[in-house]
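*Asks:* Let the hints inform the model, and build the full structure from the sequences given.
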Amino acid sequence: MDLSRRRLLTTVGAGVTLGGAGCAGDDGSTTGSRSVAGSGGGTGTPSTATDRSDGSKPPTADGRLHLDYEIGTLEEKIVSGGVRKDGIPSIDDPTFAETPPEILAPDDPVFGVVRDGEAKAYPQYILVHHEIVNDTVGGNSVAVTYCPLTGTAQGFERGPVEFGVSGRLVNSNLTMYDRGTDSWWPQMLATAITGPLTGESLREFRITWTTWDRWSSTYPETTVLTEDTSFSRRYGTDPYGQYNAKRGYYSSTRTLFEPLQGDSRAHPKTVVIGTRTETGAVAFDKGTLLSQRVLTGNIGDTPYVAVADTDLETGYVYANPESATVEAADDGYTLEGTTHDADSLPLDRSLAFDAMWFAWAGFYPESAYVD
Amino acid sequence: MSTDSAADGAGVAARIERLLRHTAVAVRGALTRRDGQLLLGVSGLAYFLLYLAGLRHLGFGPAGYEVSVVSNPLTRAFRQVGPFQWEPIALVVVGPVELLVSPLNVLLGAVLASLVGLNLAVSAVAWRGPSACRLGPGAGAVSGLPGLLSGFACCGPTILLVVGVQASAGLLSLFQWLLPLTVVALLGTLLWVGSRVETT
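Protein chains in written order, with the numbering used here: chain Y, 1 to 371; chain F, 1001 to 1200.
Think of the hints as simulated: they come from the structure by calculation, not from any bench.
Quick caveat, the model's predicted, so the values are computed rather than measured.
Backbone N, C-alpha and C fix where the C-beta goes; we use that ideal spot for every residue, glycine too.
Don't take each hint at face value.
[Said to hold, decoys possible] Label-pair distances were calculated between CB atoms; the ranges are:
#, chain 1, residue 1, chain 2, residue 2, range
1, F, Val1025, Y, Lys246, 55 to 61 Å
2, Y, Gly199, F, Gln1080, 28 to 34 Å
3, Y, Pro196, F, Arg1056, 53 to 59 Å
4, Y, Lys85, F, Leu1187, 28 to 34 Å
5, F, Leu1049, Y, Lys246, 27 to 33 Å
6, Y, Gly138, F, Gln1080, 57 to 63 Å
7, Y, Gly241, F, Ala1063, 17 to 23 Å
8, F, Leu1074, Y, Pro346, 55 to 61 Å
9, Y, Gln261, F, Leu1191, 36 to 42 Å
10, Y, Pro220, F, Gln1080, 42 to 48 Å
11, F, Arg1056, Y, Ser344, 51 to 57 Å
12, F, Leu1049, Y, Glu366, 36 to 42 Å
13, F, Leu1171, Y, Gly55, 33 to 39 Å
*Replies:* So, in structure tokens, the structure goes:
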């Protein structure tokens, strides 16, 4: 919508805004000193509508990701998270700035995305209040998603469809719904367990869980999501605890909901970098990976190798069926005499993401845990 | 039979009428006294603030001064996000204090706070008064307890983190009913306290 109107509302103050904007319909903007003028598209589409099932579908993958449970079993394990559908509102008209919000400390977590040369950062302290951003990056319609209870940030292609927060959880994990078919997608599984698209898996892309200073140093041209979300929230307050330094839910051994399966191989909130394919899953202890730089594991009979990116403090996982030797070097990783960056080894990279161990082990109890 | 039923009905109606009259007189009596007014004001305000804090609509944050309002407040104000919880339409920051304004939650909190305050005021005044010999000193606390519990009804499972209990379907459905049960309990205790106050 028009910027002039937003500026006017900011100037005249709250009292008049209440009276005037109520007649103007929902343009998804917020006024006030925290607002950043701008529009992420200005479609005028109301946020958090729940009745937009127009039959359009998100693009799905050719194959289905591995599940350690029958879909019917997972469906039975859906529980209420205590909020209504869209009670946690997705951001559907995001705005970005070139400079970070004052509140964003250098060590605060951000979820970084690079697609077709465009780099964007999504601060955890904003996403904890919304969990889903329906965005466009590098010309692609995507959903950037974050589940606070499982510590997972994942990206999905969304095509013409928006994703919303269903208010339900499986294994403590955000269950998204698509506003085209109303199929329900537990985020970590990326596979629909109810609705017309049941059994299909979404197309995913890499999201990097890192810190603002690491992300902005690596991608100085990045833009960053602003608090101009069209919702009033206390963005400085995390309902579950604190990441910098870790407190509350993020460090406690307790979980809010009972996991699908308990597993004592690690502290429940240990961060792993996990990957799952069409055949199985494997998880690498993130702390160990960052210190040792190279870890190896298996999915079935297939060897996998994980390497650390020490700049972004993250890791990448590759299928390594020939068991080629990968070694850490000063400026990368050597493979067959050639040095490569962590994110560009000449092997098939498998999409991997950070997760809390209890959540990974709950969904993938047969997964190896490498530490 | 029909005569008996009519007589019974009349008897019940008369009892209810007497109960309401007693309670109204007790409330009026409590509020004419300075200690009653003080208790209503202090406990009501304290409860109201606790209720907003329980919702996480009131708390501390980075210091500043700000008033920001969503652009479509009249629509948003009626958007329900959870059981007895509605979408905030404004953020007010004064120094380190942050307040999210959700009009329907403010209204609900004010009603609950009034009921809690009235319960405590009537109980305390009746207990201190010479003619209310049947009220023990615990009556006020008992009557205020359901009100305090309701402050957590809105928080959903996050409150369980503090308590250290895992959320379950039963607990989550209990949260949904906690607030209406609280209103009923507060009205019930007010009537109970009112009925025991000697009003003659």
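*Asks:* Each hint needs a verdict: does it hold in this structure or not?
*Replies:* Verification of the hints:
no.	hint	in the structure
1	F/Val1025 to Y/Lys246: 55 to 61 Å	57 Å, holds
2	Y/Gly199 to F/Gln1080: 28 to 34 Å	33 Å, holds
3	Y/Pro196 to F/Arg1056: 53 to 59 Å	36 Å, violated
4	Y/Lys85 to F/Leu1187: 28 to 34 Å	32 Å, holds
5	F/Leu1049 to Y/Lys246: 27 to 33 Å	29 Å, holds
6	Y/Gly138 to F/Gln1080: 57 to 63 Å	36 Å, violated
7	Y/Gly241 to F/Ala1063: 17 to 23 Å	22 Å, holds
8	F/Leu1074 to Y/Pro346: 55 to 61 Å	59 Å, holds
9	Y/Gln261 to F/Leu1191: 36 to 42 Å	50 Å, violated
10	Y/Pro220 to F/Gln1080: 42 to 48 Å	43 Å, holds
11	F/Arg1056 to Y/Ser344: 51 to 57 Å	44 Å, violated
12	F/Leu1049 to Y/Glu366: 36 to 42 Å	50 Å, violated
13	F/Leu1171 to Y/Gly55: 33 to 39 Å	37 Å, holds
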